[in-house]
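Sequence order for the protein chains is A and B. Heads up, the first sequence is in the UniProt record's numbering, so the first residue is 1 and it goes up one at a time. Heads up, the second sequence is in the UniProt record's numbering, so the first residue is 1 and it goes up one at a time.
Possibly wrong hints are sitting among the right ones.
[Stated by the list, open to error] BS3-like cross-link-like pairs, simulated, lysine-lysine; straight-line CA separation at most 25 Å:
1) 107(A) / 341(B)
2) 635(B) / 285(B)
3) 394(B) / 457(B)
4) 107(A) / 674(B)
5) 90(A) / 245(B)
6) 524(B) / 674(B)
7) 665(B) / 524(B)
8) 674(B) / 125(A)
9) 245(B) / 107(A)
10) 524(B) / 115(A)
Don't read these hints as lab results, they were simulated from the structure. The structure presented is a predicted model; accordingly, all values stated were derived computationally and were not measured.
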Amino acid sequence: MQQTSPSQETQNLLARLSQRPGVQSTLILSRDTGAIVRSSGLVTAEDISEEGAAAVPTNGTYVNGTSDEVKTKGTRNAEEVARLVYDFVKSAGNMIEELNGENDESKLLRVRTKKNELVVVPDAKFLLVVIHSTPPA
Amino acid sequence: MSSVQALKDELLAKKARLAELKRQNELKRKEVSNRQSISDPAQLAQASPLRGRSTNLGGDDLDDLVARLVDRPSSTAPGTPKSGKRSSGADETQSRAGAESTPQPARTYQDASTDTQTLSFAESTTVYEIPVETKPEYISYSKGVQTEPRRSPSPGEIGEQHGAELDGTERRRRRNLSQREVELEEEQIRQKLRAEVEEELRALQLHEHTADDKQRFPVRALAPEELNAVTNSNDFLDFVDRSSKVIERALDEEYDLLADYALQSRALDDDADDYAGHRRGRRIKEVASFDLADSMGRKRMLSSIDFSPKFPELLCTAYTKSQQSPHSPPGLLNVWNMHLKGRPEYSLHATSDLLSCLFHPYHPSLILGGTYSGQLCLWDTRTRHQRTGEPVQKTPLTGGRTGHAHPIYSLAVVGTQNASSVISVSTDGVVCAWSPDMLTQPQEYLELKSPNPSAYKTDDVAPTCISFPASDPTYFLAGTEQGAIMPVHRYDRAGAKAGVDARCQYRSHEAPVMGVDFHPARGKIDLGDMFLSCGLDWSVKVWRAQPPSSTSAATIFGQSEAVTPLLSIPREDAVYDARWSPTKPSIFGCVDGAGKLDIYDINASSEIPVASARPSHQEKDLYALRSLNKMAWEKNQGRNVAVGGLDGVATVFEVGPELGGVESKGDAWVGVRKWVARQGKMTTAGTV
């Protein structure tokens, strides 16, 4: 590795993930509160407040700036997605708890819709969400 | 509902008071917050309003806390006793309940202002226990105010749920009963009221709670510095490392789970290369290609490649130092996953160029690497923080008999599940055996010397590659830079000392031998004495090894027996590696300097390869470094072949069922045996 700081490396990993073909948006939430830690391809509150007049949704909040590739992405509101996903993960957790008992937990959630697929990796402290388009099936 | 309205009013008043308090505490808090450090950022992110707060809170949290206390559901009840006019009994009881709960939040703020360091006041007001614990006070207070509303009842302001109570008071007034009865009735009413109020409060709380969830999700946005702390925490980095891998694997999955074959006819691309029926079993298809990312340093050469014995989708590749980025670690070892394209599963480092790598066959999480400096490194993929990529164990570089001081080009693990040792051979002829548990000192140390120095002027032996037969861990073949292949005994034995066996040598290569490989022989007929060699003299040779214990006449005269190869295949370029298929007895592959992978089947043809392929990325670049250094078969199924070379790209091919896979025709083994016998006769006839 180049002499990169670990956070830089993480940055790169996330940038890589969000720039994969087909990936529409990524989102990292805190597991307990659902606070948004990181997002890309989503309209965040900052975007709205900063350039509400311009009404151009930027492509994420990465520091290294992927905003130049402003596309049709970012049509969803980050908070909205965060809330929905958070509730979904919570209810999935409840289901698993009732199904398998207290000692089990969800490790991976994939939801395939007609339009796209949602992949959620819940972890002890955070959860990572990726929404990507799938070939029409 | 009037009661709700009143509650809201009281709430506003309360808010104002709290705001006042807050302002007063502002200065103090500010300097305190400066001193306070954020010790666990992840916890910060998790902090929720209903959760106990730990002592290490930032200044923002305090603000936040105040804000939350102000409009948290449980504090809707608090109100001041002196607030406004009272119009009905219901309202009064509410304000009463509020009055009783008032002291508690107030005290909380006292705490906050006096002792901000330990904010352990989080167990704040709960509505239910208050009326219970202050019951006597409740009664006396209610009596005082109960007289007021009787004079000025305003039914419009009273909710429907208080209708019953109101009826009671009116009836009582009309009947003009005695004082005792009045008191009794009052008591009844009071109880009824209390029940109602409690119920109402509960409903209100429930309602506000659900409303809260919707309106204020996430509970709070993280402040920039909190966000920073969170994203720099180890937990977060680990999480991203782990979860992004999972996601990428999920996205890399090529098969569409929802494919509906009834719906539409799919393109039959599988048949595209199936132009002739008999070719199908021998096809070679490129399935994966792993290139180095810029961050790992470009312009590295791939020096070694190995498949994991336990997980067939994993392969490790070792690289020399980067010519482009001198600051990156010189030695790099990547573990790639066939299901995770584009980035390694693990990336491990060494302080010197890595020349050889090997998965430990009995401990799937251990990876061995030999470096140019003569260090043997051991990595463990179980270590939690692989982000540094440091080996968990390294051999010393002190020289003497404690290890190698020359490049280690060849590694092997021999033994069984319970007792295995790592054999490393460096180019100065030193053979060391190590226990994977302790690399500080070799278990065995052996220096190879040429038995007949006259041939080379010195007695130095420079092994470039070794191979152990499947059946005997005490004896191996070493290909040398001089072109000879020497049998080496690890231990003293009857009639021979440890070291190079003087009795026979396999000399046919005219240039350094680059690869030696014993037949894996896992079939019904033992072909374990066959081995393969390749060298820089543009040839691949198949040999039959002499039994290590045979005593022939040659030993008596002190001359080495000349052994000729069963087969010598001339090639058009230097051959850098040659390997038997782990499952098919007659199949072997080799890679050469022209960048070609060739698969031979000695049952089919001993002259031309049955299949060959090139990594596809080379076709794009006319002047690319084509040469392939190493190849490896997948060890259990033998279906995949990985190759890699000077450009540092590892390419994995999938071979057809005739070349790979476990099921083999029974006559393949017999065929090879017959072929060996035939070739043996021919070569002896040729030499005589």
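Structure versus earlier hints, numbers of those that do not hold, lowest first: Violated: hints 3, 4, 8 and 10.
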